[in-house]
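Asks: Sequence:
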Amino acid sequence: MNDLVREVSPLTRAIVWLRPAIFTAQHVHYKPIDYLLDGLLTATIKSKLDESTLLVGENFNRKLYIFVTEKAPKRTELESFFSLLEKDIKSEDRILVVDDVDGRESFLKLVPEKLLSHFHVL
9 MNDLVREVSP LTRAIVWLRP AIFTAQHVHY KPIDYLLDGL LTATIKSKLD ESTLLVGENF
69 NRKLYIFVTE KAPKRTELES FFSLLEKDIK SEDRILVVDD VDGRESFLKL VPEKLLSHFH
129 VL
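Numbered according to the working numbering, the sequence shown spans residues 9 to 130.
Hints listed in this document are in silico derivations from the structure and should not be mistaken for laboratory results. All values derive from a computational prediction rather than experimental measurement. Where hints are given, some of them may not hold.
To be verified - Computed cross-link-like contacts, DSS-like style, restricted to lysine-lysine with a CA-CA straight-line distance of at most 25 Å: (1) K82 to K56; (2) K39 to K71; (3) K71 to K122; (4) K79 to K117; (5) K117 to K98; (6) K117 to K54; (7) K56 to K79; (8) K95 to K122; (9) K98 to K54; (10) K82 to K122; (11) K79 to K39; (12) K122 to K98; (13) K98 to K56; (14) K56 to K39; (15) K71 to K95; (16) K71 to K54; (17) K71 to K98; (18) K56 to K71; (19) K95 to K82; (20) K71 to K82; (21) K54 to K79; (22) K95 to K117; (23) K54 to K39.
Stated by the list, open to error - Computed beta-carbon distance windows for the label pairs: (24) L19 to P120: 17 to 23 Å; (25) D58 to L19: 27 to 33 Å; (26) P120 to H35: 27 to 33 Å; (27) D11 to L123: 21 to 27 Å; (28) D96 to T32: 29 to 35 Å; (29) D58 to E100: 27 to 33 Å; (30) S125 to L57: 29 to 35 Å; (31) F68 to N10: 18 to 24 Å.
Beta carbons are placed, not taken as given, at the ideal position from N, Cα and C, and that holds for glycine.
Please put together the full structure from these sequences, using the hints given.
Replies: Following this line, the structure appears as structure tokens:
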């Protein structure tokens, strides 16, 4: 499908998609993320997609958190996302960052120190 799907493994616990404000189903990462969520991204967009949205799917019989956000997510939304991850992540787990807006540097500055080693930017 694309590099994103190939990067997902049983150790992938979350994906952060830093997305453009305006995008369509033709966007390069839309279909792979929708595929990993069994269509949940499309269903969510049909109802309403906020600036930041947390979607939960399944990956190798474990939760897969996908945080879809514009370049500058609200701090409270990030803290909630990080709190969920801290409860569920194991030492070997990975968190993929898909950066479509050149926002990874500012985003990674907000990541708590104990989670930072899990992040892998595509």
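Asks: Given the hint that K39 pairs with K71, test it: the Cα-Cα distance must not exceed 25 Å.
Replies: With Cα atoms ~19 Å apart, K39 and K71 stay inside 25 Å; holds.
Asks: Starting from K98, check that the Cα of K54 is at most 25 Å away, please.
Replies: Answer violated: K98 to K54 is near 34 Å, above 25 Å.
Asks: Against the range 18 to 24 Å, how does the distance between the Cβ atoms of F68 and N10 compare: consistent or not?
Replies: For N10 against F68, whose Cβ atoms are near 19 Å apart, the range 18 to 24 Å holds.
Asks: Next pair to validate is K117 with K98; report whether the Cα-Cα distance is within 25 Å.
Replies: holds (21 Å)
Asks: Keeping to a limit of 25 Å between CA atoms, is the pair of K122 and K98 held or broken?
Replies: Given that 25 Å is the threshold and the Cα spacing comes to 11 Å, the pair holds.
Asks: Would the pair K56 and K79 pass a check requiring their Cα atoms to be no farther apart than 25 Å?
Replies: Answer holds: K56 to K79 is near 18 Å, not above 25 Å.
Asks: For a C-alpha distance cap of 25 Å, please report whether K56 and K39 respect it.
Replies: holds (18 Å)
Asks: Compare the distance between the alpha carbons of K71 and K98 with 25 Å, and conclude whether the hinted pair is satisfied.
Replies: holds (12 Å)
Asks: Are the Cα positions of K82 and K122 separated by 25 Å at most?
Replies: Roughly 20 Å separates the two Cα atoms, so the pair holds.
Asks: Are K54 and K39 close enough, with their CA atoms no more than 25 Å apart?
Replies: Between K54 and K39 the Cα gap is close to 15 Å, so the pair holds against 25 Å.
Asks: Below or equal to 25 Å on CA atoms is what counts here, so check K95 against K122.
Replies: Roughly 12 Å separates the two Cα atoms, so the pair holds.
Asks: Given the hinted pair K95 and K82, is their Cα-Cα distance within 25 Å?
Replies: holds (21 Å)
When held up to the earlier numbered hints, the structure conflicts with 6, 9 and 13 and fits the remainder.
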